[in-house]
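K.L.:
Read top to bottom, the protein sequences are chains A and B.
The opening position of the first sequence corresponds to residue 1 in this note's numbering, with each subsequent residue numbered one higher.
The opening position of the second sequence corresponds to residue 1 in this note's numbering, with each subsequent residue numbered one higher.
What the hints contain is simulated information worked out from the structure, not anything from laboratory work.
Hints should not be assumed to be uniformly reliable.
It does not matter which identical chain is meant; a pair holds if it fits inside one copy or across any two.
As the list claims (entries may be wrong) - Okay, derived cross-link-like pairs now, SDA-like style, lysine to any residue, Cα gap no bigger than 25 Å in a straight line: (1) Lys275 to Asp243; (2) Lys268 to Ile390; (3) Lys292 to Asn371; (4) Lys223 to Thr30; (5) Lys133 to Ile390; (6) Lys261 to Ala348; (7) Lys242 to Gly252; (8) Lys261 to Pro359; (9) Lys275 to Ser300; (10) Lys374 to Val245; (11) Lys223 to Ser330; (12) Lys292 to Ile136; (13) Lys268 to Gln388; (14) Lys374 to Asn54; (15) Lys242 to Glu311; (16) Lys223 to Asn364; (17) Lys268 to Ile344; (18) Lys223 to Gln388.
Number of protein chains: 2
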Amino acid sequence: MKLLSMTAHVLQIIRRAKQPLSKTDIAAATGLSVSAVSEHVERLMNEKLIQISNIGNSSGGRKPKLYSINQHAGYIISIELGTSAVRVGITDFDCNILVSHGAPVDIGEGPEKVLSYIHSIVSEILDKAQIGKSEIKGIGIGIPGPVEFASGLPVSPPIMPGWDRYPIRDFWSRHFDCPCYVDNDVNIMAVGEYAKGLQFEVDNLIYIKIGTGIGAGIIYNGKLYRGVSGSAGDIGHIDVGKDVVCWCGNRGCLEALAGGKAIAAKAKDMALAGKSEFLLERLKSNGEITIKDVRMGIHSFDSASVELIRESGALIGQVISSLVNFANPSLISIGGGVAEIGDILLAAIRQGVYQRSLPLSTRNLLINKSNLGKAAGLVGGAFMTIDQLIINSIEKSDTLLDLRMKSW
Amino acid sequence: MKLLSMTAHVLQIIRRAKQPLSKTDIAAATGLSVSAVSEHVERLMNEKLIQISNIGNSSGGRKPKLYSINQHAGYIISIELGTSAVRVGITDFDCNILVSHGAPVDIGEGPEKVLSYIHSIVSEILDKAQIGKSEIKGIGIGIPGPVEFASGLPVSPPIMPGWDRYPIRDFWSRHFDCPCYVDNDVNIMAVGEYAKGLQFEVDNLIYIKIGTGIGAGIIYNGKLYRGVSGSAGDIGHIDVGKDVVCWCGNRGCLEALAGGKAIAAKAKDMALAGKSEFLLERLKSNGEITIKDVRMGIHSFDSASVELIRESGALIGQVISSLVNFANPSLISIGGGVAEIGDILLAAIRQGVYQRSLPLSTRNLLINKSNLGKAAGLVGGAFMTIDQLIINSIEKSDTLLDLRMKSW
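Using the sequences and the hints given, assemble the complete structure.
P.N.:
This is the structure:
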């Protein structure tokens, strides 16, 4: 490994650690000598990429300095694009969201229109936060479909008409002089949760997003796993053996039975069938039932709403149990809009998993609600972007990070 | 990386390559300079771990020497233990099986009795092949249950009564002065197929063993994936939504419906119900129906046998389609005793997968019968063992491979 790439490697270790690290910690993690670590640390300090965070405990002599990423090293634009909404955030270099804004969007209007709209939101919040374009070091976007990560192109995204192989990166390069990276939305949520949401070390994590649709993001041995065609984690169309037609053309898909859209449709049916006064009232006053009404129903002790969520959780648990038998992960993290419903859903999912999974597979398994919640996507988008900036600096240039960052 | 571990790294690259490699090839694979590669190659040649295989094509000047593993560097004992049979083989250092022997065994008789019996087989074939104990460099065993790989201990193996945490390694150290490694049987089959069965480069492979039971071995990014508790790939108990009780206590497990035992039981039912003259005749003459009778039925154009295998393949295909959506692998390799039935089973599996998997997930997917067939376990056991010998030599000593091998 070249000297410079080892410096970048040290930077990755510092920023990926859960706590600030001493030079001895870094030496242990890299296998380098402490004096070699000192050189890399000095270079990173000169480049203002890391900072002295605080002074650690001493094992006798002088207390060691502890290093962490310098959050002021630059700003990242992070975008989480869904089928019907977008969230835009500006983060610092430690993935803290400084300002963010959400807005409804119809992804079916095509990339030019949707991206232009997102760009107007970005300009607005940059103005509001008084951050100049030149201070933006990278842009990360999560989209609701498979992505060829190396090129940043959407690949046959089934629910994004007009986006197939659309060059999203080129759009942003017209407006910003920094790299842009595109990934699947659930992937960046998984990355966010893994990097910043966990209080303990976990190597194998499956993040399950339960929103309108259902998807999974997979972290294996500390790295995002994308699969051969970039479609790994697409669990929404796994067969749960029920006779309901899905938009994909198949029958019995998990998403068609347990996703947010399916729950809302069933809630409407229940309201119309006179099985829930609460839901009927919501339907009358709004003309429609959404997942939010079901959530409200649960908080109002509406038994129909509870039943719907329990049914949904049981089906999701059934699919997760197969994944647990297959992949034997340490942690299942449940996120996405529907997951905000909380304990009733989580309990039903857990019950489904423990009923069907092999005892050995669940011996060390945790099934938790995402700690980052709604922030997972924006945090993960920023984390993925900084990761790529560092990796690209190793591959492309002989200065640290991208050449554009020389001024640091 | 230390010099010695880099030499071992070069050895791994040479032995894992599909063809003999030139120094330039090795330099490209490692990022080392050709002159640095030369040093490592010289050391490996001196230790007689590699050999000059043949002379390659020249791009102008002198034709380069090509290097491969020296198959004569030592012998490995490879053991594949099933619930009702064992196969023992002696391989050379390139995992070629030199001699092998299979025998029935009842795993329920417990480790002491079963292992002593296996030891008697080992002694017999060593005698027959005129190979001395001191020439054995390692022992590899695959067992039909989860294994804590680092310690070599079986972990709560459900179909191996009396084996839980039995120190299999210690048994062999009483008889042989070389390391022993224990892994799950499907894992070593996957390793064997990946290392020696493929004619092309594949990074993500799921090996499916269809025998009495059904299991999977997972290769991700070129490495065996074991999961957190060593139980990854345990797909036999995934729910396929049918009302049949499995020995595990759940209903609708894949194994209880599509495994070799289930097929034989259904075949017997069909024979007794008068649905197949062929199977009834087999039942009358043998008093029992096994999977072999069904296989013979297929070759005799017995439609009941064909139906059974198609049903089994469809259910297996249904489960594999979920795995394909989740893991998006490049290759599904079908092995195990029942897989020997061949094309009818394979066609039914493929049909099930293509019907339920997302188009993008199957775009680059191959579903093939295992190329190594019955040899996968023995080859994989040897490959895994040599892998560990090299890895341990890096961790434990400052001579190449284990200290015991100094004499080479």
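K.L.:
What hint numbers does the structure not satisfy?
P.N.:
2, 10, 12, 13 and 14
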